[in-house]
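*Asks:* Here is how the chains run, residue by residue.
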Amino acid sequence: MARMTSIERRVWAGAVALALVAAAPAVEAQQVVKIAAGVPLTGQLAKQGQEVANAVKLAAEEWNKKGGVLGKKIEVLEADDQGNPQVSVAAAEKVAADAAVLGAVWGITSVTCIPVSDVLDRVNLVLISPGCTNPKVTDRGLKNTNRVCARDDAQGPAGAIFAVQDLKAKKIAVFDDGTTGPKGVADEVEKKAKELGAQPIRYVIRSGDKDFRAILATVPKDVSVIYASLWAPDAALVAKQLPDVGLNVRMIGPDGQFEPVDYVQASGGAAEGNYVSFLVPDLKKIAAATAFTKAFEAKYGPVSSYGPLAYEAANIILESIKKVGKADRAAVRDAVRATKSYKGILGVPISFDDKGDVAGGVIYFYRVKGSGFEQVKQITVK
Amino acid sequence: MLKLTDVDTHYGPLPVLKSVSLEVRVGEIVCLLGGNASGKSTTMKTILGVVRPTAGRVEFEGDRIDGLATEVIARRGISLVPEARRIFARMTVWENLSMGAFTRQKAPAGEVAQDFERVWTLFPRLKERQHQLGGTLSGGEQQMLAIGRALMARPRLLLMDEPSMGLAPVLVDQVFDIIRAINGQGTTILVVEQNAPVALSIATRGYVLQNGRIVIHDTARILLATDYVRRAYLGED
Amino acid sequence: MADVLAILPQQLVFGLALGTVYGLVALGYTMVYGILFMINFAHGEIFMIGAYVGWWVLALLLQAQAGALHPAWVLPLMLLPAMLFTGALGVGLERFAYRPLYLRGATRLGPLISAIGASIFLQNAVMLTQGARMKVYMTSLLFPRDWRIQIAGASVSALVIVMVAVAGLMMWGLHLLVQRTTLGRSIRAVAEDREMAAIMGVNVRRVIALTFFMGSALGGAGGVLVGLYYTQIDFFMGYSAGLKAFTAAVLGGIGNIRGAMLGGLILGLVESLAVTFMNPAYKDVVAFVLLILVLVIRPTGLLGESVAARAKV
Amino acid sequence: MALLETEGLTKDFGGLRAVQDLALRVDEGEIVGLIGPNGSGKTTLFNLITGLHPATAGRIRFDDGRRELVGLAPHRITALGIARTFQNQRLFNHMTVLENVLVGLHCRTRSGIASILLGTRRSLEERRRAEARAGGLLSLFGDRLLPRASRPAWTLSYANRRRLEIARALAAEPRLLLLDEPAAGMNPTETRELMRDIKRIRERGVTILVIEHDMGVVRGICDRVAALDHGTKIAEGSFEEVRRSPAVLEAYLGRQAGRA
Amino acid sequence: MAQPGFPRWAAVLGLVALVAPLAAPNDYWIGVMARICLYATLALGLNIVVGFAGLLDLGYVAFFGIGSYLYTFLASAHFGLHLPFLVTLPIVILLTAGSGILIGAPTLRLAGDYLAIVTLGFGEITYLLLINLDRPVNITGGPSGIVGIDPPAVAGFALSTNTHYYYLFLAALGLTLLASARLRHSRIGWAWQAIREDELAARAMGINTTVAKLQAFAIGASFAGIGGSFLASWQRSVFPENFLFTESINILAMVIVGGMGNLLGVVAGAALLVSLPEVFRDLQRYRLLAFGLMLMVLMVFRPQGLLSFERKESSDD
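Those sequence lines, one after another, are chains U, H, E, F and B.
With numbering that gives the first Met the number 0, the residue at position 77 of the first sequence is 76, and numbering never jumps.
With numbering that gives the first Met the number 0, the residue at position 88 of the second sequence is 87, and numbering never jumps.
With numbering that gives the first Met the number 0, the residue at position 31 of the third sequence is 30, and numbering never jumps.
With numbering that gives the first Met the number 0, the residue at position 112 of the fourth sequence is 111, and numbering never jumps.
With numbering that gives the first Met the number 0, the residue at position 181 of the fifth sequence is 180, and numbering never jumps.
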């Protein structure tokens, strides 16, 4: 019996401790407005995730310099989703439970965006994704879910059109890495290319592998172009390893490769002349964007594709809060969706359609030149 | 030379040795008798510091050695021919022997070579098989290897745990002849045996261990005469 | 089919290069396992950290005097600090994260979880200090692209030759060390029978620490070579390389040094052949199915001895 | 009636012949002693009978020749009615004393997963009976084991571990019980107690084949004795006959003693 | 070890768990508690294989994934089947148990770490199949998973809030705990533990180790089937990324940190390893660093786990 009581005591002590832990983040008076940045801060995608979080922080700082919003200071709540669905749900619930949070910039992978949007929808909390491209993200018709990036089924077909019509490709090798975004784009490229009468051949590499030579060697020598639906570092490796297998073809890639450092520089010149599609026109030509780039680089280092998108998303949310004029999540959610022709740093006026996608569907193509990109073409996909 | 005083040893909560005291003097062959699970091997392990005594003291050449690490005790000049031989099965005969000489890496080169010669002389079979893996030897050869390995350390005190186990009678005699020869060359020996008659026939003195306690100790001759052995092993009255 | 045959020699070269890498990293798993019967899950991170040390040396050299870098002296200069650093790290892990456990007679799974904790810790420590962004090895400054030769229809770059040679030399050196030296004999003795080794006068703890040092140093060297060959490194690279190398070690028979090399080579070759003849999406499935088949037929791996009987949960 | 009979039984380990052309017979109701120096093949014989090692050649017949044991899986052999103890004490150390015995009852109980999960009355009833039976087996050894029933087995003393091994083996309701050095590590009082216990077990109708080094025990309990050396039977008969056999004397005491 | 029955501390614990949501400051912590129950169920399943039967399984996540996807196939728009929860769950449990036997069978001859790597291989293969089986016929939805999974509805009441899910998961945890306790004190449980302690002796005691091991795999997998169904219905979507190798490791760590074989310990391990990363959430980028360090420290100071089955007690002489 003596032992039972000791176990009992331990059980009680544990329960009390748990209650204390749970009670710790007690409701505080909302003296701030919080914006959540939900991204992988750790794990394989940490680099992209941290860039998003940094861009949101930069936006918040700039607003704070101008006096914040609703007369309150803006804080950024970083929520680590590790790029993992389970973890993202927990992170989203913590965000949802924090009454000071009025909006979220969430997600660079759809496997987190989708479950997270379900969680945030229950509390009417708006989210704008800077990187979740899967059609399912917005096709489910949630009122709170928006994105400032291209959908797979816009970017993919545009890539196929560019390859077939502009580069006169007959045989296209289509690569992806077996993860959501890249695979989704690759599927769309394949579909559209077939429609256009070209012959796509699919290849899968495994993200995390670094030696793709064996796969590249199986690519027929008569392919005219490679559509590499890959993240920038992997694309740089492919570009570098192509000469090792005697292939000399151009690559096309989606927005994940709009990375001067991780793609262009990392390829050590091998990417020269390759193409990358992106949602927005040349940032270098937009004054607002140059200011952002300068500020970002001064603070956090080189900027790539996600930074500007996340910065834009944060600004749209803050602008909507300002417009609503009160800390009302549902109102903010509706105001974001109602955004019309928002002019930020992306050079195109942003309007959300009724699903939360950026209206318009224009995809811009760039060619790698030197250490950066030059715009070569724009394609509109319906 | 070696002196155990009131040594208690436990495995977990189980007492294995209970107040064991014994002494081995320079030049002797001392024999430790007892049945299975009487604590003989534990005595060996306690001397070597493989298990720590929970009470009592172990002294070697006047210094207290209980509490020292096994390898430190080994370097002081004690070596063991373990029960069931425990040679390194995946190493060659030569390598096993050179492991035996591990503590003597700083010895003059010729000396170790000399020791190899000594082992080859004692056990010509081993020389023939010096490049064979230990695990491929027969039981008797493995026993020779285990003895040879222990000798390579040039121990002042040699502990032997059941050197006759599993050997054909003819080999048992041979092994005990060798033990006597080693002793004649100046090595003190503590031997644990079940084969009491043979062991006592070469020993100076003997201890009988039963359930972790020393129950008898006397000179070998008297032990043989008391017929303890005949009683214990053949059930004679 | 003719196409496939035409690229086969090339594929074998790629498989060999990859397999060498796996084998080198697998050695670390196997050495630690051989002596402690413990899967050192942090070994992948040690490999990754080796790659980072090598990168820093190269970066500093480039800063000091751009150009005129010749692999003949730069490569040893990268390898040495990487091996020393990772070796020391391995010893530190053994001392603080594993030894307290095995000394206190934990179940074999305790050290496994501790190793996983160490792996998570090291990965994030590197991310936080070196940044989450990948780093690029300036390999082309050391090994120009046109340093390559044609052998039997395959184009082999100088880097691959150097990599295979260095890895081969290291394995050969390790083999000699383990087979021919007193230290090697004491390692094998400790692996076989820790207690008897101590009775022979071997300082068991020191031998275990040294084994960690050597296994980790080889992992670190693997990191440098892989960095050069892959040209990109990041804090996460230890995960998949570690998993593959571990698989290679088990395939060959874990605890067996030659088995690790063999397992690595087979895994590398199987992967490159799998993508040649099959849907590349199933490359890793093929590798794991092979592993399972091998183990079902030979439950202790290709060259393994039945140490598994001792390896109880 | 021959409960157990081996014929030409042989076992090789690599190059080593551990048991050679062995013929042995144990009649129902007997206590047969198996003696011989360490390494003479006694334990290997047990492993062959219980199916843990496959025989290289020969036959093992059980139940008056009705069942051939060579080739059967160990659990089938146990189910037929052969149980054993181990020389080096293979108790389930982290299980309680009672649970060790309950493991022995495994082949005499039937409950399937579903009835256990549902807690059907049959399964509860069976478990209650099993626990009662296990308790009964522990009480065979007076108050040596029963008061310690809920302790982990590793906390037991040497002698009690030996006793628990026997209780665990009896739980399988064997007709033939194989005891591997049951008296090792026991003091004289404990040994006397053990001899009494073994005789009592025989009275319950269990035939016993026992390996033992303590000749007092062998003489005290065995109806017949067989002596092994190097895997072959060198003598068989009453204890006195075997003890006087020159081959046995030589095996135990060396050549000189054998000749003496 | 407490004999079966209803120990008093279990009643206390149950009571605390029942009223716990009232003490939770917000929905997030109720969600964390729900997740604790979910993972405790999974950990209990793995505990049967690793803790009871002593078979080191590094690919447990395969069963978790198989359970999730099976549930999804039966109760979502993916194949247009919208079977009711109370029909789906038993089917999933049975099928997942079957998958346990299928995957367990080839591993029977393997011991220790060789078993570990083969199960790891099965885990990886499962993940790769989930990713790739969207073509030629779309079965798994590929890397972008399947969305629009039905929430569980019992007798017309559809679960929606975290509190609902908490009570559902808690009930399941209670049942799996009860099942674990019953099995632990049954002839099958004793057989498992005997195999863990000494497989050879277990065989000599008349245990058919082949059958016993497969039973362990099947029961362990069936718990994962429950967990998988819950995850799918709670998350409303499933992705291959839910079922990475790290998840196997995570669940294994719960079992070991808690104390292998000890039911309360396993639940405590799950509670600790689910809540620690949440407690560390405010550390943001340093979160996993702290978590890794904690794992090491925990193991160094409690090598046998928080509550281990190996209690130090005095001997009897």
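None of these hints come from the bench; they were simulated from the model.
These numbers were taken from a predicted model, which means no experiment stands behind them.
Please note that a few of the clues may not be correct.
Stated by the list, open to error - In silico SDA-like pairs for lysine to any residue, Cα to Cα no more than 25 Å straight-line: (1) 105/H <-> 289/E; (2) 354/U <-> 77/B; (3) 170/U <-> 7/E; (4) 17/H <-> 13/F; (5) 325/U <-> 25/B; (6) 193/U <-> 136/B; (7) 354/U <-> 280/U; (8) 193/U <-> 133/B; (9) 170/U <-> 5/E; (10) 126/H <-> 83/H; (11) 368/U <-> 5/E; (12) 105/H <-> 180/E; (13) 142/U <-> 77/B; (14) 220/U <-> 8/E; (15) 134/E <-> 295/U; (16) 2/H <-> 88/F; (17) 322/U <-> 134/U; (18) 17/H <-> 150/F; (19) 72/U <-> 150/B; (20) 71/U <-> 25/B; (21) 134/E <-> 301/U; (22) 342/U <-> 271/U; (23) 293/U <-> 152/E; (24) 220/U <-> 152/E; (25) 190/U <-> 25/B; (26) 126/H <-> 109/F; (27) 167/U <-> 218/U; (28) 169/U <-> 3/E; (29) 354/U <-> 150/B; (30) 220/U <-> 177/E; (31) 142/U <-> 157/B; (32) 193/U <-> 131/B; (33) 298/U <-> 282/B.
Unchecked claim - If you anchor each label on the Cβ, the simulated ranges turn out as follows: (34) 127/E <-> 333/U: 35 to 41 Å; (35) 10/H <-> 93/B: 56 to 62 Å; (36) 214/H <-> 240/F: 29 to 35 Å.
To be verified - A few chain H residues that face chain E, going by a derived Cβ cut-off under 10 Å, partial list only: (37) 20; (38) 24; (39) 25; (40) 26.
Beta carbons: idealized from backbone N, C-alpha and C, even for Gly.
*Asks:* Hint by hint, note whether the structure agrees.
*Replies:* Structure-based check of all given hints:
For the hint pairing residue 105/H with residue 289/E, the CA-to-CA distance comes to about 49 Å; that exceeds 25 Å, so the pair is violated. Distance hint between residue 354/U and residue 77/B is fulfilled; the C-alpha atoms sit about 21 Å from each other, no more than 25 Å. Simply put, residue 170/U and residue 7/E have alpha-carbon atoms about 22 Å apart, close enough for the 25 Å limit, and the pair holds. A C-alpha spacing of about 41 Å is found between residue 17/H and residue 13/F, which places the hinted pair above 25 Å, so the restraint is violated.
Note on residue 325/U and residue 25/B: the hinted pairing holds, with a Cα-Cα distance of about 22 Å set against a maximum of 25 Å. Using a Cα cut-off of 25 Å, the hinted pair residue 193/U and residue 136/B holds, with the two alpha carbons roughly 18 Å apart. With a CA separation close to 23 Å, the supplied pair residue 354/U and residue 280/U stays within the 25 Å bound. The hinted pair formed by residue 193/U and residue 133/B meets the criterion: a straight-line CA distance of about 19 Å does not exceed 25 Å.
Restraint check for residue 170/U and residue 5/E: the C-alpha separation of about 20 Å stays at or below 25 Å, so the hint holds. In summary, the hint linking residue 126/H to residue 83/H is supported, as the alpha carbons are separated by about 22 Å, within the 25 Å threshold. Restraint check for residue 368/U and residue 5/E: not satisfied, since their Cα atoms lie roughly 35 Å apart, outside the 25 Å limit. For the given pair, residue 105/H sits about 15 Å from residue 180/E by alpha-carbon distance, which is consistent with the 25 Å threshold.
The straight-line distance between the Cα atoms of residue 142/U and residue 77/B is roughly 22 Å, inside the 25 Å bound, and the hint therefore holds. For a cut-off of 25 Å, the pair hint linking residue 220/U to residue 8/E stands: about 16 Å separates their Cα positions. In summary, the hint linking residue 134/E to residue 295/U is supported, as the alpha carbons are separated by about 20 Å, within the 25 Å threshold. For the proposed pair residue 2/H and residue 88/F, the alpha carbon gap of about 32 Å is over 25 Å, so the pair is violated.
Of the supplied pair hints, the one linking residue 322/U and residue 134/U is violated, its CA atoms being roughly 29 Å apart against a limit of 25 Å. Under the criterion of a C-alpha separation no larger than 25 Å, the hint pairing residue 17/H with residue 150/F is consistent with the structure, at around 24 Å. For the suggested pair residue 72/U and residue 150/B, the alpha carbons sit about 39 Å apart, so the restraint of at most 25 Å is broken. In summary, the hint linking residue 71/U to residue 25/B is supported, as the alpha carbons are separated by about 24 Å, within the 25 Å threshold.
For the hint pairing residue 134/E with residue 301/U, the CA-to-CA distance comes to about 13 Å; that is within 25 Å, so the pair holds. About 32 Å separates the Cα atoms of residue 342/U and residue 271/U, which puts this hinted pair outside 25 Å; it is violated. This hinted pair does not check out: residue 293/U and residue 152/E have alpha carbons roughly 51 Å apart, beyond 25 Å. Restraint check for residue 220/U and residue 152/E: the C-alpha separation of about 15 Å stays at or below 25 Å, so the hint holds.
Proposed proximity of residue 190/U and residue 25/B is contradicted: the alpha carbons are some 46 Å apart, above 25 Å. Restraint check for residue 126/H and residue 109/F: not satisfied, since their Cα atoms lie roughly 60 Å apart, outside the 25 Å limit. Between residue 167/U and residue 218/U the CA atoms are separated by roughly 18 Å; this keeps the pair inside 25 Å, and the hint holds. At roughly 21 Å between alpha-carbon atoms, residue 169/U and residue 3/E fall within 25 Å of each other, so this suggested pair holds.
Proximity of residue 354/U to residue 150/B is assessed by CA-CA distance (about 23 Å); at most 25 Å being required, the pair is judged to hold. A threshold of 25 Å between alpha carbons decides the hint, and for residue 220/U with residue 177/E the separation of about 47 Å lies outside it, so the pair is violated. Straight-line distance between C-alpha atoms of residue 142/U and residue 157/B comes to about 21 Å, which keeps the hinted pair within the 25 Å bound. A distance of roughly 21 Å separates the Cα atoms of residue 193/U and residue 131/B; the hinted pair therefore holds under the 25 Å criterion.
A hinted pair counts as satisfied when its Cα atoms are at most 25 Å apart, and residue 298/U with residue 282/B qualifies at roughly 21 Å. A beta carbon spacing of about 39 Å between residue 127/E and residue 333/U agrees with the range 35 to 41 Å that was offered as a hint. The supplied range of 56 to 62 Å is broken by residue 10/H and residue 93/B, whose beta-carbon atoms lie about 47 Å from each other. For the pair residue 214/H and residue 240/F, the supplied restraint of 29 to 35 Å holds, since their beta-carbon distance comes to about 31 Å.
Annotation: residue 20/H was flagged as interfacial toward chain E, and the flag is violated, the nearest CB pair being 23 Å apart, outside 10 Å. Taking 10 Å as the C-beta cut-off, the interface hint given for residue 24/H is violated, the closest approach to chain E being about 23 Å. Contact between residue 25/H and chain E, as hinted, is not supported at the beta carbon level, the nearest pair being about 22 Å apart and thus beyond 10 Å. For residue 26/H, the suggested interface contact is broken, since its CB lies about 23 Å from the closest CB of chain E, more than 10 Å.
Against the hints set out earlier in the document, violations occur for numbers 1, 4, 11, 16, 17, 19, 22, 23, 25, 26, 30, 35, 37, 38, 39 and 40.
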